Amino acid sequence: MKGYDSIQHVRGESVFIDDIKAPQGTLHAYVVYSKIAHGVLERIDTSEALASPGVHSVLTSSDVTGENQIGSVIADEELLAAHHVHFIGQPVALVLADSKINALRAAKKVRMDITPLQPIFDPREAYEKGSLIMPEKIFTLGDTESAFKECDIIIEGKAESGGQEHLYLETQSALAIPSEGNGIKIFSSTQSPTAVQKITARVLGLPMNMVEVDVTRLGGGFGGKEDQATAWAALAGLGAFVTKRPVKLVLPRQEDMRITGKRHPYSSDYKIGLKKDGTILAYEAVFYQNAGASADLSPAILERTLFHCTNSYYIPHVKAKAVSCKTNLPPNTAFRGFGGPQGMFVIEAAIRKAAKKLNMDPVDIQHKNLLVEGNEFPYGQITEYFYLKRSFEHALEKFSFRESQKRIAEFNASSKLVKKGIAVMPICFGISFTTTFLNQASALIHIYTDGSISVSTAAIEMGQGVNSKVRNVVAHTIGCNHNRIKVDTTNTSRVANTSPTAASKGADLNGFAALHAAEALFDRLQKVAAAELGVTEEKSISIKNEIVYSGEQQTQLTWEQLIWKAYTSRVSLSSQAYHATPDIHFNKETSKGRPFAYHVTGTAISEVTVDCLRGIYEVDSVKIVHDIGKSLDPMIDRGQVEGALAQGIGWMTSEEVIYNQEGRLITDALSTYKVPDIYAAPKEIIVEFLEDVPNPYGPLKAKAVGEPPLMYGIGTFHAILNAMSAYKDDDFEIVSPITHERVLMYLHDSK
Amino acid sequence: MDAHITFYLNSDLIDVTINPSITVLDFLRGEKHLTGTKEGCREGDCGACTVLLGSLTPAGSINYKSVNSCLLPIAEVYGKHVVSIEGLNDRELNLIQHSMLTEGGTQCGFCTPGFIMSMTNYFINNPEPTLEKGIAALDGNICRCTGYAGIKRALENVISRWNSRPIKTGSHVSQLIASRLLPGYFAHAEQFISTIPTLQPSAPAPRFIAGGTDLFVQQWEALLTTDVSFINHQNKESIRETDIEFILPGNTTVEEFISHPGINSYLPGLADQLQLFGSTPIRNRATIAGNIVNASPIADMANILMALGATIELQNGTSRRTLPFEKLYAGYKSLHKDPEEIISSVIIAKHQGNARLSYEKISRRMHLDIASVNSSLFIRTEGNSIVSARLSAGGVGPIPMFLEKTSEFLNGKEISASVMHSAIELVKTEIAPITDARGSKEYKQLLLCQLVKAHFIKLFPELIPVEEVV
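For the record, the sequence lines run as chains D and V. All the letters of the first sequence, read from the start, carry residue numbers 1 to 751 under my numbering. All the letters of the second sequence, read from the start, carry residue numbers 1 to 470 under my numbering.
Please keep in mind that the hints were generated in silico from the structure rather than gathered at the bench. Among the clues, some could well be false.
Below are the PhoX-like pairs computed for lysine-lysine, each with C-alpha atoms no more than 25 Å apart in a straight line [unchecked claim]: (1) D:Lys275 with D:Lys129; (2) D:Lys21 with V:Lys413; (3) D:Lys158 with D:Lys21; (4) D:Lys100 with V:Lys32; (5) D:Lys728 with V:Lys32; (6) D:Lys728 with V:Lys458; (7) V:Lys458 with D:Lys416; (8) V:Lys133 with D:Lys683.
Treat the numbers as computed from the prediction; the structure is a model and nothing was measured.
Generate coordinates for the entire structure from the input sequences, incorporating the hints supplied.
Written out as structure tokens, the structure is:
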């Protein structure tokens, strides 16, 4: 099935925020931000900016009519800095002018007096100085202290993973339009319409029912618009509220890169203990998360690092500690994987080092310790419907892993400067918001009297195909054709109290909600059809491809007749339904429970070629066996796996977020921050879905797909190190991304 | 300051009086509300704004190029055919659009029109398409969603459908129309634009813009209020080749340089190496002179021309003077050139006998990126000895550098690994890299040393045993 929006996409007719024809009188907003990482904001001088051509007004914190506070988890983030600045890029003022260019020109004329204070950028330094977002968190299973005594070898080490810019192609943007009675309607590029609604209401001092948020689609989100789309919508909202004119705010790329947070860099210590045969007995880790200047979603991200700190392995004794360190960088935020990848990165590093010490192939250690049905995670959940080992063994066999290893060893023996490497990466990722209450959604379906259907859910379409999946669920349940169904914009007046479209849960939660709503309508249609056809057993009525059947018998009743009949019989053709993921719970005090509805697992084999003379590499292939349950849409799911993989590879290889000594981002443009292009992406990607693995916890037996495959990219990192180790004995520090610079310096720097 | 601009936009004649420095991107989106062309980065690094620019050739046909509309001033489209995604739309999806849809080549949709424009440009210019070259044509487009797998499948699908097209006669454009790769009006496009009167040269302004592919990144806003001379398509001349030299007019684009048959036979392999210069749409606009006067320390063309020992011809009105390439740069972003002078041409002398060029460029990402370090070695040999060597290096000092001492050292030497190692020691004394977003100074020094090795291994595989390099 084709992506729901795709026809418009390929014609260039899909409307993103900046494509909305701005209403007459629209003001254009430009954000003025701090150029100092930490300091006291003594004075803001807007006089020169106000005198600039076309300027309507310049707003500062004193113009906020409600609360100047946008922190969603912890109230620690001002919309516009009032007295202190905490990072370079922190919004201080908002210029509103009659055109984009006039706003930009005026913004350069806003003056700020800031008395600098000592900044902190390093998470370990922040930890030592007690600069934390929240108290540290610890997950434990068994007793590591006594388990280490049983181990034949113990390895300790350090692993560093870098940040990652989301680089959604559509930058952060919002259009706010004043509505009747002092209200505001906001078109926002957000994954969290309700967060935008709630925070804007808070900022403006309005009840939530006066703020309507509408989202058609996003030009990419990847987590970067889960919490961090809110500020721009609230600023546009404030501008519109104060000026009574529409306000459009579209961040230019460079501002977007400088101001918004990224994937959290982590600095981590590990200690792993194994038996001589490679069995992992005990694992300890300490994760220092660089949270940036305010909490944002860092606490939940930190928690997910702990959930996934043992990746795909059963380890009986685990003690993992994580600290969220407050630094003077832009607040880091959700990014596909949500802390999970950072946790998995460390255990894979530990296994690499242990394998070397034991003189074993890391693959054998991975294989030996894979989680199987009935194992317990450090957070107390027991694996079920768990096909990890099957995917691992199937991948190795299907993609001739041992033969490839042999072929590569032969190649490396005869090639001096060019080396190949191969690595395996199993993944295991829990599906559900770990903040349990977020696991809810609702849907609203209207069938109109001509038989066409409108579906609204809480899901945000951002390219992941959730609208397509929702449409598939509704069409499948009601029996109508796909082209009858329009999946409408996500709108807080139609569907309220939406959870963000995040945690890979968009299709699960909203698919279920739409399923329930569609089932209710179908029940009513069965009754109408039964009455119309004079059938007593209404459950014998079915609809397939808009043909009504009574038992096996095709009837003459058409879809349109049925709908009209329902309407004229005064049967409701609208249905609102609700879904909450059942049987999940988590005790934050004991860090035990069943936080996830289920797990997604799979295995990837990465093969790379490294030019050791020049310190560059190519990803030759990534071959994947992945558990998707019973796919709601194989083409979409395949695309999600391929895309997440490329993003994971980018995180591990070329994408490097660099701040200078003043805390200013120097990789603040696409010319310096390099995401994979068509050549850097793997030359070959094979994705095979496991067959016959229906997921009882997913809509129509499907599994979530968005985040887990990103972590296959960690395998590519190890494949590169493996190729490098064919050139020079492997004593490499575990630092990602493994940029061209790091490759060359590792291989040739004598220091 | 406004200029009168006449051109065809899709199937419509546009006749506007407008600030000539406004970008086509802003014109399309702001003035015409054609929003299929997207702003993704405004620096030619994402390709979401890609459009086609068709120019009338002397033969009367149209030559289409993919270009970044965010870096394209509207003055440059006078008399041309600009095609945006809306100009490809027909009632039904065309073959490329349809393939992108069915093969999963589009997810969020934001980059999609740009990819479709680049693919379309590829098929317009290549009657015998291949997957490899088709991928190369997408080197200026970034997608953050698909991992490019679906896009490659779409490309493959279009190629196979094109190869099995029923009608293989008639003009290429008519076949593209018959195969649903272009809408019907393309059959008459040259008639549209040939009716536009030739542009009268305007009085020269103090600020020159050629391709604008860097100026419009850095200074698009300031250029809106600057009096500008657009010199790219004015007095457009071709590369001239004589027995002794190539004469490149300053406004020769990188693409024209790469595709010149004479250059290709004199410097075999360079065309492939220059695929690392910017991207297809950038190479379609960026000029040789622009790359030189930009004076970026890592300018790729400057690096190559320096090694080739090219001569620069500077022109001010009717007065002209020449300068050896390495005498051009005075310091960081400063030239031995009066502001009124333009680079009218670049002369590359042809050397007879055994003359070879090696060009190496390493960046954070190999394509669509700026070099961390680049280097060229132009070397003439007789038997196993070096007659003359010219080594250049970029990214290791404030200007594109000619490594004079090392070059002199190499002159007359027998080629060997030990000579190469000695040369590398000299290289280290001639450079002064700094740490920046493209790498640390230690890395840049090491990298340049490695690239010198790469030059020798590549040029003299039989004389430099790999064992002695490692």
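Against the structure, the hints come out as follows:
The straight-line distance between the Cα atoms of Lys275 (chain D) and Lys129 (chain D) is roughly 38 Å, outside the 25 Å bound, and the hint therefore fails. Between Lys21 (chain D) and Lys413 (chain V) the CA atoms are separated by roughly 69 Å; this puts the pair beyond 25 Å, and the hint is violated. Only pairs whose Cα atoms come within 25 Å are accepted, and Lys158 (chain D) paired with Lys21 (chain D) is rejected, the gap being roughly 52 Å. For the hint pairing Lys100 (chain D) with Lys32 (chain V), the CA-to-CA distance comes to about 16 Å; that is within 25 Å, so the pair holds.
Under the criterion of a C-alpha separation no larger than 25 Å, the hint pairing Lys728 (chain D) with Lys32 (chain V) is inconsistent with the structure, at around 59 Å. Note on Lys728 (chain D) and Lys458 (chain V): the hinted pairing holds, with a Cα-Cα distance of about 23 Å set against a maximum of 25 Å. Straight-line distance between C-alpha atoms of Lys458 (chain V) and Lys416 (chain D) comes to about 14 Å, which keeps the hinted pair within the 25 Å bound. Pair hint Lys133 (chain V) plus Lys683 (chain D) holds up; C-alpha atoms about 14 Å apart against a cutoff of 25 Å.
Figure legend: structure checked against the earlier numbered hints; hints not met, in rising order: 1, 2, 3 and 5.
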